[in-house]
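Q: In order, the protein sequence lines correspond to chains Z, R and A.
Terminal number for the first sequence in the UniProt record's numbering: 220, no gaps in between.
Terminal number for the second sequence in the UniProt record's numbering: 220, no gaps in between.
Terminal number for the third sequence in the UniProt record's numbering: 220, no gaps in between.
Note that these hints are calculated values from the structure, not bench results.
Keep in mind that the hints are not guaranteed to be accurate.
Identical chains share a label here; the pair holds if one copy fits it or two copies do between them.
[Claimed, not checked] When the alpha-carbon atoms are kept at most 25 Å apart in a straight line, the in silico SDA-like pairs for lysine to any residue are as follows:
hint : residue 1 : residue 2
1    : K211      : G195
2    : K145      : D135
3    : K211      : E116
4    : K145      : A94
5    : K211      : G190
6    : K211      : P196
7    : K89       : L192
8    : K89       : E189
9    : K89       : Q107
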Amino acid sequence: MKVHGEQRQDSDFDTLQTFLPETPILASLGEKGDLFFHHSEVNGVTFEELQEGQLVDYEIGEGRKGYELRSARQQQGAPRMKSHTEYLKFNVPARMDFLNITPEIEQVLRNSGISEGLLLCNAMHITASVFINDDEPGLHHDYKKWLEELAPFDPSPERYHHNRTGEDNADAHHKRQIMGREVVVAVTEGRLDFGPWEQIFYGEFDGLRAKRVLVKVIGE
Amino acid sequence: MKVHGEQRQDSDFDTLQTFLPETPILASLGEKGDLFFHHSEVNGVTFEELQEGQLVDYEIGEGRKGYELRSARQQQGAPRMKSHTEYLKFNVPARMDFLNITPEIEQVLRNSGISEGLLLCNAMHITASVFINDDEPGLHHDYKKWLEELAPFDPSPERYHHNRTGEDNADAHHKRQIMGREVVVAVTEGRLDFGPWEQIFYGEFDGLRAKRVLVKVIGE
Amino acid sequence: MKVHGEQRQDSDFDTLQTFLPETPILASLGEKGDLFFHHSEVNGVTFEELQEGQLVDYEIGEGRKGYELRSARQQQGAPRMKSHTEYLKFNVPARMDFLNITPEIEQVLRNSGISEGLLLCNAMHITASVFINDDEPGLHHDYKKWLEELAPFDPSPERYHHNRTGEDNADAHHKRQIMGREVVVAVTEGRLDFGPWEQIFYGEFDGLRAKRVLVKVIGE
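For reference, chain Z alone in the conformation it holds in the complex (with noise of 0.2 Å):
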């Protein structure tokens, strides 16, 4: 069967409305069987995008056809939620230290197909973080200090009453918990919707081994 989009007044329509939301598209058979679609006089849907669109056609009974036309954007729907999953592992080898995962975030993003919502990242360890703030290794040098300051490493079972369960992280929980757990970013027009110096940091402090990090997309 030959598609053909053509503007007409007429209406030597066989059966063909599509009631479906958001474009009612009217079209006819021609003595040939060939389909035209004609401008919908509901919206503005285009030629273009029906003939991008996915035909399908039906039986209805008493020997009619049922045509269904799914335009682009039809078919990808008016604006409805997706959602997107990943998992990114991370092995830092050394006890604590910083990861820039931006790129990897951006990957997410890009296979997610989201152009507009929300994107969370998230530490899925107690002892990590994600967050945002600048690329520079001095700033990062001044971090680590920092933390070192505010929850010394002290694997003794003394300073800490975690420690007493055997592990030796306990520091790593406090410092986890200044610098967060997660952030939730802005996707807008596909991108992360950032300012001028913003990228996303893994932060490790209780690291030589793999950890991993939830990125969740959603919106349209």
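Keeping the supplied structure of chain Z fixed, place chains R and A upon it in accordance with the hints.
A: Below, chains R and A alone, put in the same frame as chain Z:
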């Protein structure tokens, strides 16, 4: 009226075709008035889904009846955003303490019926926190000691100007900033998408009275 | 053509039934060509809603007209995700200070038209914060003193390696980590779903210049 689901090729339809988005479904009225739903050519809706759906019929004029079948999938709609909000109340019998509220949050998530999305959980009071960390009493002891060092309780108006208002809880406003106001948690396949040790805590810094925690889930 | 809304039991329909999702509506053409919308059996659409809606008619062939009525509810669509983004600019005339930006955020929320969802508000600069706490000048005084103790301003390159880059704001990068980058706020019934004292603040730690805050609302 009996409702059947069966694959048919003929076309003794009375009137029914549903142009519902996502799932057009064909049906016909049998001689005895039974309704037959036919395999939809358009998408993969199964008879099982049809039979779980809700049948709606109404007069459409000229002595004809219209039928609309909303399968469970249709009723839910293809991914549409839902939201669900609950308020929890906690009365901590100490000035400072931490409650593991993960079971309550999981119950809210079940109540929401949402399987993919984001869950926000925040203290609605500014002298309390919601945070994610370890359910280990030694660590909680360490947190209390540490927070007391960082921002000591001192009801006098000398150390904290805030206490010149007649309040005595300035320290609590500081402790809450360290531990944070809120967590945002990924919801995946109907569960809190957590790493092995993640648990949600309500952190009270000015207790001995009832306070509220908001839980909001958005998703599909 | 006049449009009426009235309850009728008879069925002198011309052709009209709308198979729009959520809201099938019955109508008929009167003898004088007037269109009567009848109470929908299917759901609780009211005549008021119908009359506020947008009537669309088009030829469907065989000399018959099709009518589609999109009530306001339909036009908006049943719960679909919407998103709305705005950027605010603040120029704080001090190195460190806190601005109550709740009124600006409430205005963005009104602009969004979203009634159920989540609102993200974050500093787009890495030496500033957005946080929620009390609008009390004494507390803000205390916060400034406390943050200065935790991470003192020191432009020299000795204390902070970051200041070896020619910057003098390493302290601001630390203060921002204590106070946080962002808040995520529940939107319920069109309002910021806040406890009694919650107010949103922009926290500036390296001011005297314009900086941006992002506000993104997603929901329905």
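Q: Going back to the hint list, which numbers does this structure go against?
A: Going through the list in order, the structure violates no hint and respects every one.
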